[in-house]
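Q: Sequence:
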Amino acid sequence: MPDSHPATAGANAPFPDIVGSLRAELSCEVTGPGDTDWEKRRVAWNTHVDQHPAAVVVPEGAEDIRAAVAFARKHALAVAVQPNGHGATTALSGTILIRPVRLRDITVDTERRRVRVQAGAKWKELQEALDGTGLMGLPGSTADNSVIGYHLGGGLSWFGRTYGPAAEYIRSLEVVTPEGELREVTAENDPELFWALCGGGGDFGVVVSMEIELLDERPVYGGRLMWAAEHAEEVLRAYVATTRAAPVELSVWLWFVTFPPIDAIPAELQGRSFANVDATFLGTAEDAEKYLDPLREVPGMEADTLGPVSVTRIDEVAGEPTDPMPAVDWSQLVTKIDEEFLKRLLELNWPGGGSPVVAQLRHVGGALARPGATAASGLAGEYLLTTVGVPITEEDAEAIHRHDERLEAALADRLAGYGHPNMLGHDTRTQRAHSPENLEHLRRIKRERDPAGVLRGNRPVLGSPG
Numbered sequence: 001m002p003d004s005h006p007a008t009a010g011a012n013a014p015f016p017d018i019v020g021s022l023r024a025e026l027s028c029e030v031t032g033p034g035d036t037d038w039e040k041r042r043v044a045w046n047t048h049v050d051q052h053p054a055a056v057v058v059p060e061g062a063e064d065i066r067a068a069v070a071f072a073r074k075h076a077l078a079v080a081v082q083p084n085g086h087g088a089t090t091a092l093s094g095t096i097l098i099r100p101v102r103l104r105d106i107t108v109d110t111e112r113r114r115v116r117v118q119a120g121a122k123w124k125e126l127q128e129a130l131d132g133t134g135l136m137g138l139p140g141s142t143a144d145n146s147v148i149g150y151h152l153g154g155g156l157s158w159f160g161r162t163y164g165p166a167a168e169y170i171r172s173l174e175v176v177t178p179e180g181e182l183r184e185v186t187a188e189n190d191p192e193l194f195w196a197l198c199g200g201g202g203d204f205g206v207v208v209s210m211e212i213e214l215l216d217e218r219p220v221y222g223g224r225l226m227w228a229a230e231h232a233e234e235v236l237r238a239y240v241a242t243t244r245a246a247p248v249e250l251s252v253w254l255w256f257v258t259f260p261p262i263d264a265i266p267a268e269l270q271g272r273s274f275a276n277v278d279a280t281f282l283g284t285a286e287d288a289e290k291y292l293d294p295l296r297e298v299p300g301m302e303a304d305t306l307g308p309v310s311v312t313r314i315d316e317v318a319g320e321p322t323d324p325m326p327a328v329d330w331s332q333l334v335t336k337i338d339e340e341f342l343k344r345l346l347e348l349n350w351p352g353g354g355s356p357v358v359a360q361l362r363h364v365g366g367a368l369a370r371p372g373a374t375a376a377s378g379l380a381g382e383y384l385l386t387t388v389g390v391p392i393t394e395e396d397a398e399a400i401h402r403h404d405e406r407l408e409a410a411l412a413d414r415l416a417g418y419g420h421p422n423m424l425g426h427d428t429r430t431q432r433a434h435s436p437e438n439l440e441h442l443r444r445i446k447r448e449r450d451p452a453g454v455l456r457g458n459r460p461v462l463g464s465p466g
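Residue numbering for the sequence shown follows this note's numbering, beginning at 1 and increasing consecutively.
Among the clues, some could well be false.
Here are the simulated DSS-like pairs of lysine-lysine, each with C-alpha atoms no more than 30 Å apart in a straight line [claimed, not checked]:
hint: 1; residue 1: Lys74; residue 2: Lys40
hint: 2; residue 1: Lys290; residue 2: Lys343
hint: 3; residue 1: Lys40; residue 2: Lys124
hint: 4; residue 1: Lys336; residue 2: Lys290
Worth flagging that the hints you see were computed from the coordinates, not collected in a lab.
Use the sequences and the hints to build the structure in full.
A: Laid out in structure tokens, this is it:
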């Protein structure tokens, strides 16, 4: 069915003084166009997304969030939440944007093996809080994103092949509903809303805090292998062979990358192209090397950082940037890898061959494929193909989009038609975020729970507003 969206909340609703009225009703910081801090407050981490909210609210607690949602409902406006903006989209323009950057409390209960995390806390802060407890969560590739945003988008973890999506470990959520009510949501007291919140994104409630079940910390072996671009085909074939023999404890990601000539990149890498493999293994070095040694046998390897890794520093394996930057992303699940897939992938993404993107192939599957428990469960493919380009100019962005369109067309018969909510680009349509079955279920819940469209996630499940 075509995307549609309630015509009320925040599309172009006339309102004479949103900022002034919010300041009169809320006791926290409210920023609007023309204010000194406006640019700082409105801009997302992904600086390519030029979002223009109507106002930005920086809450001091749950009551400020409740009041902001109640205000929006009363005046036919929409509310969105954005701690950082790694997954920003222009869908948030025109909203009252809540930035919970001051809500960063983390409370670890080692006896219950639970942690309560507030909406503004980042993964690096959670990792620090868990250090020395013998417990761990399910981190992704960066520690700079928000814990709650990551979980609401499903939570695609390094350890997901073993444990499943991080969203499956949410045990309760403190939520402000579209009616402006603060309540606790669990699988027992509201299973349908709980299912939607766990992987369905920010369309169903403003999450003030979340309780997550923790796991026993395990030894981790991981790091990066690097080859010059001329070895890309050999590396790709060895990578596929490694994944096909991999136990669920092993996660392996392949990158084709050309490093730009910028100061943030070591001088010896600037302008050079590589085929890289990043890996983590839950277990001992001896067990890991049995599966990874065939990759090491590919000739021409220039770097090998594999070794024991602390869970609290797992983000160093991928080494993703933490400073705000422009990015154009694309991703889809891969349903079939064969000779034709490898040929087409290499033709369009040979490192150093003029591709404007970094291409990554992640091995998923395992527990990530099991159906049912959350809106992010049951990934359809064994691999996730993603690209990211860094546009300096609008012409760069257009070139990246053209490349991604060619790639999708070339591989269409081997793609699932959708990706993972954590890994989608700023302009990716809602249909690409979920399986058709899950998307229809999410849309039904949205229509029933928020018919006025008071809440708006990065990718509204009923489509773009207006």
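Q: Which of the numbered hints are not met once you compare them with the structure shown?
A: Failing hints: none at all.
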